[in-house]
Amino acid sequence: NAGVTQTPKFQVLKTGQSMTLQCAQDMNHEYMSWYRQDPGMGLRLIHYSVGAGITDQGEVPNGYNVSRSTTEDFPLRLLSAAPSQTSVYFCASSYSTGRKETQYFGPGTRLLVL
Amino acid sequence: GENVEQHPSTLSVQEGDSAVIKCTYSDSASNYFPWYKQELGKRPQLIIDIRSNVGEKKDQRIAVTLNKTAKHFSLHITETQPEDSAVYFCAAFSNTGKLIFGQGTTLQVKP
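Protein sequence lines correspond, in order, to chains A and B.
Quick note on numbering: the first sequence equals residues 1 to 114 in the numbering used here.
Quick note on numbering: the second sequence equals residues 115 to 225 in the numbering used here.
No lab work stands behind these hints, which were simulated from the structure alone.
Computed from a predicted model, the values in this text were never measured in an experiment.
Only true hints are included.
Below, simulated DMTMM-like cross-link-like pairs (lysine to aspartate or glutamate); rule was C-alpha separation at most 25 Å, straight line:
(1) Lys182(B) - Glu59(A)
(2) Lys171(B) - Asp131(B)
(3) Lys136(B) - Asp38(A)
(4) Lys151(B) - Glu193(B)
(5) Lys171(B) - Asp198(B)
(6) Lys136(B) - Glu59(A)
(7) Lys182(B) - Asp163(B)
(8) Lys151(B) - Asp26(A)
(9) Lys156(B) - Asp26(A)
Here are some chain B residues the structure puts well away from chain A; computed CB gaps all over 12 Å:
(10) Val127
(11) Asp131
(12) Ser142
(13) Glu170
(14) Arg175
(15) Ile176
(16) His186
(17) Asp198
(18) Ser199
Glycine included, every Cβ here is placed at the ideal spot set by N, Cα and C.
Only chain B is shown next, with the shape it has when bound in the complex (with noise of 0.2 Å):
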């Protein structure tokens, strides 16, 4: 079945440092990798996607990179800030309907 393998699961940085977590996928049919943002006891909330036709997507501080021949996809996070502290979470939509979820990474920013 499909799968979604996140990584680091934890990830502390200091403030104003890049992060970088990496994704990968099972399902070769997938089309659609967004990436969710999660502060503690909230809903998730979607930060960036990127589609299958794009290698790569930024937006300010953010930006997503896609390698379809590879299965993988990461997030980058420039001059990180405080507030930029939540997990983190990757997911791959495959033309089945169904949205699959990795395993979250837990971003640190130490001020």
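Isolated chain A, as found in the complex (with noise of 0.2 Å):
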């Protein structure tokens, strides 16, 4: 299994171009989150998703839009990229039974909008 995958590692944008930060799995987890990790803020959530059509916006979803349209894809979509979205992103995936709350996450993608 690779686990939970984000691409890409590293992207610079400039102020009001849209992207979109892709994010799978392949342990057929049915909960998927994104994150932003600042200095000083820790993990904060952004949007979540318990199951395939299902999602939910977490503490800080302004300017990010999200979609399962599979269990093993859930994409983040910046759609008018602002230098407040700087930040690390991270994608995290659980368990649908047993430890369903024990959330792993993919290896993040560094953003920086100019």
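Join these two chains into a complex; the hints should help.
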């Protein structure tokens, strides 16, 4: 298993540009989440999904969209990038049964918005 | 909404000493409390967790305690080693499906 994968690893955008951060997992996990990490702010939940076709907002959803058309993929879209969205983005997933709360993180995407 | 407060933000100890990190949570429905360790430039990794029906859990040099009445939980690291230096995050999972993290504690273990 590849686990949780994220692409790209690093991206530079100009203000106003759009892009999609990709996240995929091959463990048949139902739960998937997106977090952003900023210095001194910890990990803040952007959006999460408890299964295909179901998404919900986290702590800081503004400026981001998500969809969950398959169990494996959970892309995060920035519609119009702003410098405040400069951050490290982590995708995470967890089991559907048993220890479903235990989230496993992808390697992260470092985003710089100029 | 749900909130997790974590203290201290930085902690410096001598090798061999103990380190304690404390967290409080606001959602009384939270039922799962993991701790993650993050080394510089890497992803967070789960190191220990505790569920709401347990008061204490230990795994070698690390232990976690939970006081549901007070909505407090703590991480204890004994006999600290330089490789324990990292950022540690607590988190609380609620029935709504959200995992909310504390702000993090930077632990420095001096040789």
